[in-house]
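Novice: Below, each chain spelled out in residue letters.
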Amino acid sequence: GAGVSQTPSNKVTEKGKYVELRCDPISGHTALYWYRQSLGQGPEFLIYFQGTGAADDSGLPNDRFFAVRPEGSVSTLKIQRTERGDSAVYLCASSLSAGNNEQFFGPGTRLTVL
Amino acid sequence: SQQGEEDPQALSIQEGENATMNCSYKTSINNLQWYRQNSGRGLVHLILIRSNEREKHSGRLRVTLDTSKKSSSLLITASRAADTASYFCATDHTGANSKLTFGKGITLSVRP
Numbered sequence: 025g026a027g028v029s030q031t032p033s034n035k036v037t038e039k040g041k042y043v044e045l046r047c048d049p050i051s052g053h054t055a056l057y058w059y060r061q062s063l064g065q066g067p068e069f070l071i072y073f074q075g076t077g078a079a080d081d082s083g084l085p086n087d088r089f090f091a092v093r094p095e096g097s098v099s100t101l102k103i104q105r106t107e108r109g110d111s112a113v114y115l116c117a118s119s120l121s122a123g124n125n126e127q128f129f130g131p132g133t134r135l136t137v138l
Numbered sequence: 150s151q152q153g154e155e156d157p158q159a160l161s162i163q164e165g166e167n168a169t170m171n172c173s174y175k176t177s178i179n180n181l182q183w184y185r186q187n188s189g190r191g192l193v194h195l196i197l198i199r200s201n202e203r204e205k206h207s208g209r210l211r212v213t214l215d216t217s218k219k220s221s222s223l224l225i226t227a228s229r230a231a232d233t234a235s236y237f238c239a240t241d242h243t244g245a246n247s248k249l250t251f252g253k254g255i256t257l258s259v260r261p
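If you're matching them up, the sequences are chains A and B in order. Numbering-wise, this note's numbering puts 95 at position 71 of the first sequence, and it's gapless, one number per residue. Numbering-wise, this note's numbering puts 174 at position 25 of the second sequence, and it's gapless, one number per residue.
If you are wondering where the hints come from, they were derived from the structure by calculation, not from laboratory data. Hints are all accurate, no fakes.
The calculated lysine-lysine pairs, modelled on DSSO-like cross-linking and capped at a C-alpha distance of 27 Å, are:
1. B:K219 to B:K205
2. B:K218 to B:K205
3. A:K35 to B:K253
4. B:K253 to A:K102
5. A:K102 to A:K39
6. B:K175 to B:K205
Could you build all of it, start to finish, from the sequences and the hints given here?
Specialist: Below you can see the structure in the form of structure tokens.
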């Protein structure tokens, strides 16, 4: 079956602009996670959804970051007033359900803020 | 913050040799997962080992977990050039809502 997909694969934007990053999880997976990875570092947790609700958004760096998952499948990560420090690879993962299960990652979106 | 720490940071071996990578963590876990990453993009899931397990195998991969020492190791036997990648351990900590905490990763180079 299809894995986790993310679009776009690359996004270049200017400082101050708004961006949306999309994640399509594996069909049937109820848990969805967003991570951010900077160069030379491991991924860092941003937010986790169980179904439609954000169960844990403790990793979002500030209120410019927001994510939704309105129908419990596709999720969109939204970044307002982008800053150069937001440049990173944004990774999405899904798992069958929360709790002691493998998380499968998508290919990521490389965001570059000029 | 990143709790998991892998060592070594970089490892270079000859094709056919075994590669051993280690991971340590600080607080109790539900499970620990190892991932491979090529070219800084998507992570490929390798193995999940739960806190009540001590060893798991998958093909040429062997993972051990010692919860008393809060450490894990990943052994790749008979390495191949195609195993060249970055390897990460990620911990699912107790009470952490299943979010994974990653280390900085280990860069493995396998020379043909």
